[in-house]
Each structure stands twice: as C-alpha cells, then as structure tokens.
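Using the hints, position chain B against chain A.
Number of protein chains: 2
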Amino acid sequence: MNEFDVIRKLSGLLPPAPPEVLVPIGDDCAVLRLGGGTWAAASDMLVSGRHFKGWADPADVGYKAVAVNVSDVAAMGGTPRFILVSGAAPDPETALGVFEGVAEACGEFGVYPLGGDTTGADALTVDVAILGEIEGVPVLRSGARPGDLLAVTGELGASAAGLLALEEGREGFERLKARHLRPRPRVGTGRAAARLGVGAMIDLSDGLASDVRHVCERSEVGCRVDLDALPVSEDARRLAASLGRDPGVLAATGGEDYELLVSAPEHVLDALAETAGLPVTVVGEVTGAGIDFRRGGDVVEELSGWDHFS
Amino acid sequence: MNEFDVIRKLSGLLPPAPPEVLVPIGDDCAVLRLGGGTWAAASDMLVSGRHFKGWADPADVGYKAVAVNVSDVAAMGGTPRFILVSGAAPDPETALGVFEGVAEACGEFGVYPLGGDTTGADALTVDVAILGEIEGVPVLRSGARPGDLLAVTGELGASAAGLLALEEGREGFERLKARHLRPRPRVGTGRAAARLGVGAMIDLSDGLASDVRHVCERSEVGCRVDLDALPVSEDARRLAASLGRDPGVLAATGGEDYELLVSAPEHVLDALAETAGLPVTVVGEVTGAGIDFRRGGDVVEELSGWDHFS
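Taken in sequence, the protein lines are chains A and B. If you count the first sequence from 1, position 223 lands on 223 in UniProt numbering, and the numbers rise without skipping. If you count the second sequence from 1, position 110 lands on 110 in UniProt numbering, and the numbers rise without skipping.
No incorrect hints appear here.
The list makes no distinction among identical chains, and a pair is therefore deemed to hold if it is satisfied within one copy or across any two copies.
Quick list of in silico lysine to any residue cross-link-like pairs, SDA-like style, CA-CA up to 25 Å:
| id | residue 1 | residue 2 |
| --- | --- | --- |
| 1 | Lys53 | Gly244 |
| 2 | Lys53 | Thr119 |
| 3 | Lys9 | Glu108 |
| 4 | Lys53 | Pro90 |
Everything labelled a hint here was simulated from the structure, so no lab data went into it. In this text, all values refer to a predicted model and were calculated from it rather than measured experimentally.
Isolated chain A, as found in the complex (with noise of 0.2 Å):
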C-alpha cells in the first residue's frame, strides 16, 4: 500500500459534506461558502528527518511550515489570513525558536496566529492549518482545458539545488539554501491569476513532474512540457554541474519551489506576466491525453511516466 492507495481509501470513508463544502479534499485547500464570505483551509505538516534535517533551525522550519501553507492558499488565488499552529519539539528552546519563525512569517505574509498546540516529542514536527480568504471564485487544478498553455512562476530548481547544497555542506549558494529554507510564495501573483481567469492553478511543492500530473488527471487532459523550456537560474545549473546532475530534471523534479503552475491562453499568461512582476515562463501546453515531457523533440521517459508514489 502506498501513500495513493491511502488516499483512493480514504474518500470512501467521506460522510457527504455539508452545504457549505464548495470544494471538498483533493484540490490545495478545500473551500467553504461561510456567512458571505468564501474560505480556503489547508493544512501542512513538517518533520524532521523527513522534510528537513540538522542544517535547518527550528525558525526556518516554522517560517516554512507557514509558507508552504501560504502557497497552498495563494494557489486557489486567495489571500491568507489566519493559522493554527501545533509544535512537538524535544525541548522548550526548540519550541520557541520554531515559533519565532512562525511570528516572522506571520508579519510577511499578513497572517494572523489563532493558537494551536505545544507538546513534547524527539522530533520536532510542525504542522500549521490555514485559512485563506477567496474573493471572486477559487482557481481549481480541475480547469485545464487542451489549447492552454502551461506557465510556471519565478524559478524552478532553486530549492532542489539548495537543498543539495545544504545537504552536501557546500559553501556559498547562499540564495539557493535561503530558497529552501524560505520559499516565496506567490500570493500577489496567484491573486492575479484568479483575477484574470486562468484555467488551472496548482503550487509546485511536490515538483513540475508530479504537480503537472495532479491538474491533468483532475482536469482530465494531458500535457507536453519542454524541459529545455524551464526556468532555471545561473546558480541553480552551476551547482547542479557540479554534483553532475541535469539542471533541467532537477527542476522538473526537485519539488518544493512554490513557485506556481497556471493553465491559460496565451493572452491570458501574457496579461498576468505584466502585473507579476516575477518572470512567467511558458513551459509547454495542454493536450488531450498522455504525459509527455521532452527536451527538443526527444520524449524524456523517466519524467513522462514518472510515479510520485513509487
């Protein structure tokens, strides 16, 4: 069993969901119609040994706890408003440095701490949940329509490249660890993007290769991404060289970006690329049916059939 047949499971045990329930599981927030307003919830969990290790300290896991629960928000076109947070953390200093990250965070991103939960445990795990405000309607992964074209946001292999970095004890590559340990999300941008009426939107926390496949099963579609097409900075193929990896897999597959993923006509991206202020790069387009990565015209076979739960 694995983390898909978990899930498959799972939505059998859903009791039918209330009225309120615009968006019910499956989507980067559930949406609810409240009182006049409309809400997005999410929530995220860290864990340490998994999703970071010794060179992350406890500030930088809760600011990112925040910020990937931002990105979860920021990519139904909503704005953040208010977090839950609930810390296990070996020791009280622990716990307070992961919370004077959260605060940090909090400030940037203009999100209110509501409470949550302190306990003791070996590993310090943060899990934050979010509510975001929706104005207009949520942009879904389900609106990808084949003619649209595929755009990411920003970057893409900076917080893989980082991460190696980190992980290897490189010196230097500063921007590219502070991109791991902070990530950005693009909360102005997906704003935007909801605004203008893009078809499809989804954060890129798991990777290009695997957040691509989520909008095409949930918009029933398929897709073609040019690998050579993907935006990935000076710093981030300079280390990747070095460690003799394909810049151009890191970034499809490296996973924790938060940058966003849009599925729009060209009008539509062109319209969004000047309020960004951040590069949008078209990265490929929607078709029909089948994943099919390629660099030039050469089909990539590890990123086409690539399985996130293998």
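Chain B in isolation, oriented as in the chain A frame:
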C-alpha cells in the same frame, strides 16, 4: 524554560489582531466573526510515546485526536463542524488505521473532514485543527465570579484509571480503558450551558487541579474545591485502590476526562442538570482569591499549590 515561559514569550510576538478576531489565543478556542457567523478554531496534536503507547491502536489515536478537538469546541458552547487532519506515520497501513478512526469520530460527532496532509515519520503523530460554529455568544474561561458554584459534568478520574489499567496491563476494566482511548466530549451539554448563560467553562483535559487554575487566572478569582465531592465511579475507585492510589487525587489530577467544568449560580446549574442527560455535580465554589483544594475541612497542600508546568 518551561511551556509556560514559551507561551509568555510568544504572546510578545503576536501581531495586532484583525477585526474578525473576537477571542485571541488563550482560551479553549480562538473565536472569529466570519460573514454573519461566529466560529471557534483550535488545534491539538497527539504524539506516540507522549500521549499514547503501544496499547492504543492507530484507529484509537485518530478517533481521540478528533474527540479532543471536539471537546475544545464544546467548551466554548459551540457545534463542531469541520476538521483538517495532518498525520505522520511510520507506514501507510498505520496512516490508514488513523484515518479510519478519524472517519469514525467524524461520523459520531457530525464533523466533516476538509483534508490535511499525510507524511512519513518514525513516531505516529496526529494533529487535528477544528472549526466549530457558535450560535450566540461563546463561553470563555474569564467569566467566573465570586459566589458562583463550580460544577463538572459526568465523572472524573475514569480516563486516568483507564490509562493506569492500560499501562499496568490489567485484565478487565474495559469501560475505563474505553474512557481513556475514546473520550466522549460533551457537545450537547456545552451548548446547553451556553444557552443557559453559565459564567465560565473549560474542558477538563489537563485535570481539574490544573484546569480550574486556568479559569481562576483568566477570571482573576480564586476557588475552593472539595475533593470528596468529585464524581468518581465505583470501578475507577476500585482500580485506584488496587494500586494504592487516592481516587480523589487521581480524579483531580489525572486529566483527559474531557468533561466540562462550569461556573454558574445554583439555579443555572439546576437547569443544566435537568437538560444535560448526565450528572452535573457541584464540586466547589468561586472565591475572591487563592486555589484551595480541601478534603472535609483540611487543605490538600499538593493540589492547592499544584503547578502544571513544574
């Protein structure tokens, strides 16, 4: 530094509360005004080795993680509505077991699961965040007034007795074990207490000796509690006696009963007892200052001075 110091330092890091926040951190739940409605929000985390051991199966852990959050909403006089669940488990089978318990609790308490996160970890860890709906005004910890009586719902010490039976590997005592593994939050009674206008309310998670202190601190009052008045069941007394434990002390300090402690004038408690469908037992009264646990006429020093954080 202890948990109390952490919380004190953290309150200095809080940004100003947005206008939606009616009750910030520091009560059983935070309370938000969203659209036309009033919503309670809280989260609680359970960690293997701290909150449970091998005697709890994954479904018990999932069930309890929901129940303890439902209890927080009950303590505000609210109705539990939506949860997010983040689970870290050593293998997918354990994760599935947790979510089966979560689904069972959702059915039992009328709560809808909006989603969450699943990840790997050495120690099973489950965090639940909850949204509850409040009709009318939330009941806070800060509303106790000198002259009010203090009463508890149901029974105390059963969960602690059940935990002892589980830890000691005792045969039998199934009712007590179930009280520990699958607590029964008092949602209907909490709502009735809110409608009847009780002064203060808290759920008994840490144990009466600690939780009554939270009420007194927030209300800036004291209390007198009679250990002999605590409602302790015959089987809990029998188990305590067999282990040489004082049943009154066990009931006051054991914790995890998830009953409600309310402060109110006598006629309000009488009305509550009529509608509650379970015992509502007067255990003491609110005074001007000082925490005073007594047995007959004698002060019980170790409880009157009891410090949850030491």
